[in-house]
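> One letter stands for each residue in the lines below.
Number of protein chains: 2
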Amino acid sequence: MYVAVMGYGTVGSGVVEVLSKNHDSIVKRSLQDSLDLKYILDKRVFKGDPNEDKFTTEFDDILNDDSVKIVVETMGGLHPAFEFTSALLKAGKSVVTSNKELVAAKGYELLELAKEHNTNFLFEASVGGGIPIIRPISQCLAANEIDEIAGILNGTTNFILTMMIEKNMAFDDALRLAQENGFAERDPSADIEGHDACRKICILASLCFGKHVYPESVHTEGITGITLEDVAYVHDFGAVIKLLGCAKRMENDKISAFVEPAIVKNGSQLASTSDVFNAILVRGNAIGDVVFYGKGAGKLPTASAVVADVIDCAKHTERRKALGWEQSEDNYIVDYRTIAAPFYVRAAVENKEAAQEAIASTMGEVQYLHRDNAPETELAFVVGTQTEEVLSKALESIEGLKVLSTLRVTDY
Amino acid sequence: MYVAVMGYGTVGSGVVEVLSKNHDSIVKRSLQDSLDLKYILDKRVFKGDPNEDKFTTEFDDILNDDSVKIVVETMGGLHPAFEFTSALLKAGKSVVTSNKELVAAKGYELLELAKEHNTNFLFEASVGGGIPIIRPISQCLAANEIDEIAGILNGTTNFILTMMIEKNMAFDDALRLAQENGFAERDPSADIEGHDACRKICILASLCFGKHVYPESVHTEGITGITLEDVAYVHDFGAVIKLLGCAKRMENDKISAFVEPAIVKNGSQLASTSDVFNAILVRGNAIGDVVFYGKGAGKLPTASAVVADVIDCAKHTERRKALGWEQSEDNYIVDYRTIAAPFYVRAAVENKEAAQEAIASTMGEVQYLHRDNAPETELAFVVGTQTEEVLSKALESIEGLKVLSTLRVTDY
Numbered sequence: 001m002y003v004a005v006m007g008y009g010t011v012g013s014g015v016v017e018v019l020s021k022n023h024d025s026i027v028k029r030s031l032q033d034s035l036d037l038k039y040i041l042d043k044r045v046f047k048g049d050p051n052e053d054k055f056t057t058e059f060d061d062i063l064n065d066d067s068v069k070i071v072v073e074t075m076g077g078l079h080p081a082f083e084f085t086s087a088l089l090k091a092g093k094s095v096v097t098s099n100k101e102l103v104a105a106k107g108y109e110l111l112e113l114a115k116e117h118n119t120n121f122l123f124e125a126s127v128g129g130g131i132p133i134i135r136p137i138s139q140c141l142a143a144n145e146i147d148e149i150a151g152i153l154n155g156t157t158n159f160i161l162t163m164m165i166e167k168n169m170a171f172d173d174a175l176r177l178a179q180e181n182g183f184a185e186r187d188p189s190a191d192i193e194g195h196d197a198c199r200k201i202c203i204l205a206s207l208c209f210g211k212h213v214y215p216e217s218v219h220t221e222g223i224t225g226i227t228l229e230d231v232a233y234v235h236d237f238g239a240v241i242k243l244l245g246c247a248k249r250m251e252n253d254k255i256s257a258f259v260e261p262a263i264v265k266n267g268s269q270l271a272s273t274s275d276v277f278n279a280i281l282v283r284g285n286a287i288g289d290v291v292f293y294g295k296g297a298g299k300l301p302t303a304s305a306v307v308a309d310v311i312d313c314a315k316h317t318e319r320r321k322a323l324g325w326e327q328s329e330d331n332y333i334v335d336y337r338t339i340a341a342p343f344y345v346r347a348a349v350e351n352k353e354a355a356q357e358a359i360a361s362t363m364g365e366v367q368y369l370h371r372d373n374a375p376e377t378e379l380a381f382v383v384g385t386q387t388e389e390v391l392s393k394a395l396e397s398i399e400g401l402k403v404l405s406t407l408r409v410t411d412y
Numbered sequence: 001m002y003v004a005v006m007g008y009g010t011v012g013s014g015v016v017e018v019l020s021k022n023h024d025s026i027v028k029r030s031l032q033d034s035l036d037l038k039y040i041l042d043k044r045v046f047k048g049d050p051n052e053d054k055f056t057t058e059f060d061d062i063l064n065d066d067s068v069k070i071v072v073e074t075m076g077g078l079h080p081a082f083e084f085t086s087a088l089l090k091a092g093k094s095v096v097t098s099n100k101e102l103v104a105a106k107g108y109e110l111l112e113l114a115k116e117h118n119t120n121f122l123f124e125a126s127v128g129g130g131i132p133i134i135r136p137i138s139q140c141l142a143a144n145e146i147d148e149i150a151g152i153l154n155g156t157t158n159f160i161l162t163m164m165i166e167k168n169m170a171f172d173d174a175l176r177l178a179q180e181n182g183f184a185e186r187d188p189s190a191d192i193e194g195h196d197a198c199r200k201i202c203i204l205a206s207l208c209f210g211k212h213v214y215p216e217s218v219h220t221e222g223i224t225g226i227t228l229e230d231v232a233y234v235h236d237f238g239a240v241i242k243l244l245g246c247a248k249r250m251e252n253d254k255i256s257a258f259v260e261p262a263i264v265k266n267g268s269q270l271a272s273t274s275d276v277f278n279a280i281l282v283r284g285n286a287i288g289d290v291v292f293y294g295k296g297a298g299k300l301p302t303a304s305a306v307v308a309d310v311i312d313c314a315k316h317t318e319r320r321k322a323l324g325w326e327q328s329e330d331n332y333i334v335d336y337r338t339i340a341a342p343f344y345v346r347a348a349v350e351n352k353e354a355a356q357e358a359i360a361s362t363m364g365e366v367q368y369l370h371r372d373n374a375p376e377t378e379l380a381f382v383v384g385t386q387t388e389e390v391l392s393k394a395l396e397s398i399e400g401l402k403v404l405s406t407l408r409v410t411d412y
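Protein chains in written order, with my numbering: chain A, 1 to 412; chain B, 1 to 412.
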């Protein structure tokens, strides 16, 4: 049985490396007599590469070769990844992808195509890099109704926040360090604005709750507004700020889903997830909380997740793996501003005492937080469980108070 | 398709509860038209139980009923669990167990039987309660060579150690609290002496490294020797004491495997695993470190793992799941005393200065640790990487020094 790889970038070349490095055990585990690489599709030329003879620039070489049963898509982007994947599935080939953009935007369509043509479309590597998460959710947790899922889904932003928390580094310096270390792109917006995390929570929520969640329906807020002042106050609260993707089952067959920096209490597994690591918490009605932790990116971790899917495809050539979800309605996601939680608030005030009196009379008891060298005109506090809608109105009603930041306090 | 449950204790009744509670989604996920409970085998009488009509005291009712395709074994103990399971597998029925004693002692034999009779023997719930670990190891990590595995595998001892660390509670008091909370049995020896953790690391090591690891070949040390003095010194080292089960691939196709209290640096996922939670770290050659965290015991978490296996059996009635390992040779496990690591040592000395001089001359530089109110005759320090063999000899050679405790310092 033959495999082709489309896109010889970081992940694609990692897949080729893992396929070769662990070749014998992979063949054994795939229950095949052989499992070998036949083509690498890439426009670029890789002179001297050990697999130089396998390169092609023609997609049709792969599409029309009946001996190729499994194709790895690691090109990234929506086009032509979507067209290629569709054509391969229609030809009855299995496709394995690490492309979160593709799955988040087109997962429903591609899974339906795979079903129609009795083949597999697998995407373990699209979330959490090498962390096994798609398969545990779809199989191991099969006996649970999943109520909620939350995760640190982006290593770049987690590295930046870790530097801010542990080294008191300003956001811009932490971003520069991430770029120097190769953890952030030259254009870091997809990471720091939360779009990457958004795609991943869309995939997880689609899988957990059974209907496709589209990125454009998910409120997404990045970490560019987080300051060292917030980090210090939250430290006083015994907690840390993490960029979380969250989704939760709500009433009337709807769900909530959003990406935003939020507060996680120290001592939890998410709080102790530092640097470029990712962690995903799944809350099931029978299992309670389960957390999956590991490297969320990187050549070999991600490649190993891709190759695990390749093995699974090889084992399921005749009978496809049951995996899929339904189309969702327009109003499937409820407005994030209606999801109640305790909130952290930092505000500038004209008169501290007057502001505190007004806060007490409009919001009841709040927990004030401390940081060293705070100006006399700054207040930070945590208010009890309420919706962002109600909170905003209450804060707006207080004269001389200007909100500098608000963050949701989670129970993860 | 029908299911039977043998043993209506905590886990068995939990399985019945989950099968009923999540019935519709379970049937859907198992790709069957129906999946219903037909028998509960138990000698006791459960008057008024909603499933009262399904109880039987005759194993043969289950064995001889062709409509029962999947049997859940939650009786515990080796006998008659082993005889029943063997008979069921020989009859071509799938068996799902949560019985770690059975899998650790008889896993190889039962997996061979399952293979011979083209049926399934699954045991996700035998390790880590509800945490998905057996399936991720055998499938998701298929593309990795696993180099090492280490885990907090016993919730009772982790609760006791957490109370000692966080509340400064003495071992006996913490054990009593665990018993009062239902986290420890009246006879707690299987937990506190490490035997439960031993069975679990045997199962994990068998799966990761491909040959059966027998409990009697695994050095096992419990937590009864851990004192608050050790806890305090280790705190000064920026670490905590955890009862770990560890296994590692060694040279010449051998492995190491042992259970002992060991030191884990703060900030790691294992260090932040508190109370009755479990966590299992898997170190793969492509994936790096991955950690699985969750409730390691409890009625519903464990039951949900059992039911996930039941669903998997239902999906694999015709073609069995590939799962198994080989028989091992007698000298498969290397002596734990030859596994090098840094070590923590606490000792009573006659003369502190003389002892420190002798330590410097025999062991080179060590890191001395501090605790409040330590007697003048006590020393605690961490020595560099060496085997326990070498360390013991060096310590024995120092006059007037009596070792009170030694603990391995891990890099997990």
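Don't take every hint at face value.
It does not matter which identical chain is used: a pair holds within one copy or between any two.
Stated by the list, open to error - Capping the alpha-carbon separation at 27 Å, the derived lysine-lysine pairs in DSS-like fashion look like this:
no.	residue 1	residue 2
1	K115	K315
2	K90	K106
3	K167	K265
4	K315	K28
5	K321	K115
These aren't lab readings, by the way, just hints derived from the structure by calculation. Remember, predicted model here, so these are calculated numbers, not experimental data.
> None of the hints should be skipped; say for each whether it holds.
Tested hints:
| no. | hint | result |
| --- | --- | --- |
| 1 | K115 x K315 | both (16 Å within a copy, 17 Å between copies) |
| 2 | K90 x K106 | within (15 Å within a copy, 46 Å between copies) |
| 3 | K167 x K265 | both (19 Å within a copy, 19 Å between copies) |
| 4 | K315 x K28 | both (11 Å within a copy, 22 Å between copies) |
| 5 | K321 x K115 | both (9 Å within a copy, 22 Å between copies) |
Of the numbered hints stated above, none is contradicted by the structure.
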